[in-house]
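Asks: Sequence lines, in order, name chains A and B.
Position 57 of the first sequence, counted from 1, bears residue number 57 in my numbering, the numbering being contiguous throughout.
Heads up: take any position in the second sequence, counting from 1, add 216, and you land on my numbering.
Listed next, with one range per pair, are the computed distances between beta-carbon atoms: (1) B/K227 x A/D21: 20 to 28 Å; (2) B/G261 x A/L139: 23 to 31 Å; (3) B/A240 x A/L139: 17 to 25 Å.
Calculated directly from the structure, the hints in this document are not laboratory data.
Every residue gets a Cβ at the ideal spot worked out from N, C-alpha and C, and that includes glycine.
Here is how the chains run, residue by residue.
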Amino acid sequence: MEQATTLEHTEDVYEPSLTPDSLGKLGMWIFLIGDTMSFGALLAVYAALRAGAGALGWVPPSEILGINLTAGMTFLLICSSVTMVKALESIQKGNVSRMCTFLGLTILGGVIFLGLQAYEWTHLIKHGLTLTGIPEHGLSGDTISGSTLFGPTFYTITGFHGLHVTGGVIYLAVILINGLRGRYTADFHHEVEIVGLYWHFVDLIWIMVFTFIYLL
Amino acid sequence: MAQNGHKEHPKYMYIFLWLAILTAIEIGVAIPEYSVVLKAILLIGLACGKAFLVAAYFMHLKLEKRTLAVIVITPFLICVFLVIMLMPDLTNDSRLDEVAPAAESADTNAH
Chain A
1 MEQATTLEHT
11 EDVYEPSLTP
21 DSLGKLGMWI
31 FLIGDTMSFG
41 ALLAVYAALR
51 AGAGALGWVP
61 PSEILGINLT
71 AGMTFLLICS
81 SVTMVKALES
91 IQKGNVSRMC
101 TFLGLTILGG
111 VIFLGLQAYE
121 WTHLIKHGLT
131 LTGIPEHGLS
141 GDTISGSTLF
151 GPTFYTITGF
161 HGLHVTGGVI
171 YLAVILINGL
181 RGRYTADFHH
191 EVEIVGLYWH
201 FVDLIWIMVF
211 TFIYLL
Chain B
217 MAQNGHKEHP
227 KYMYIFLWLA
237 ILTAIEIGVA
247 IPEYSVVLKA
257 ILLIGLACGK
267 AFLVAAYFMH
277 LKLEKRTLAV
287 IVITPFLICV
297 FLVIMLMPDL
307 TNDSRLDEVA
317 PAAESADTNA
327 H
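If we strip away everything but chain A, and leave its shape as in the complex, we get (with noise of 0.2 Å):
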C-alpha cells in the first residue's frame, strides 16, 4: 500500500524527457543499431567463411565481380547523399521545394543504384553465380575454382542492403508526397531529418559492402 503511494507520486512528478522530435530521432538510432548489428553479423560470417574455406580455396571476388559498374554505383549513393543533406538544409531554411527538388533526386539515385543492381545480378546469373555454384572461367578467362558459399554469401549481403534501399526509396516517398503536401516547415521538419539518417546509414553500409565484398 506504502509502495502504491510511493509509484503514485513518482507518476506525478514523472515528465518525459523525449520531445516528439527527439523521441523519433532516437527510436531511428535505435533502429540503425540494431541494423548495424545484421550487417555487422553477415559482414563477419562473410570473413569467417572466406577465411575458413581452407583447401577449397576462395576464388578472389575480382574474378567474378566487375568493379567498375560497383564504383558507379557507390558514387551514385555517395551523391544521393549529397541530395538527401542538400533536402534537408533546404527545409531548415523554410524552402519547401527545393526541398522536394533534392527528395525527388534522392529517390531518383535509389532507384537507379537498384536498376544497376538488378541489372549486375542479372548478369551475374547467367554467368553461373548462383546460390550453389560459381563461374567455372574468370573475368580474366582463367579457369576457377573454391568455395560455392560465395553465391549465397554474397546475394545475402547484398541483397539484404538491396532491401534497404528499396525500403529507404519508399520511405523517402512517403515523405516527399508529405512534403508536397505542404507538412514540412522551417519550424517542424524533424521527420525529413529521420529519413535522411536512414537514407546515410544504407550509404554508409553500402561503403562497408563495397570494400568487403567487392574490393577484399
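For chain A, the structure is supplied; the task is to place chain B on it using the hints.
Replies: Coordinates of chain B only, in the frame set by chain A:
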C-alpha cells in the same frame, strides 16, 4: 538546429569531395596485386574513414550530444569483437586440412 544547418552549409560539398577522392583511392589500392594483409588494412582503414565522414557530417553525429556518438560506436566495436572471436576458430591451418575434404563431400551431397 537550424543554426547548425546554416553553419554547416559549405561543408557538405567538401565532404562529398573527400568521399569521392577516398573512393577513387580505394579502387587504386584494390586493383594492383600485393600483400593481402596490407591491402586489407588499407582498404578497411579507408572504408572506416568514409564511414566516419558520413556518420559525423551527413548524419550530424558531430553536432549531437557526445553520448549518442558513444552509443552508436558500440555496435561497431561489438562487430570487431565478433570477427576476432570467429577468426581463430576457422583459420587454424592444421585443422582446416581435415575439415576441407569433409566440407567438399558435404557440398557434393547437397547437389
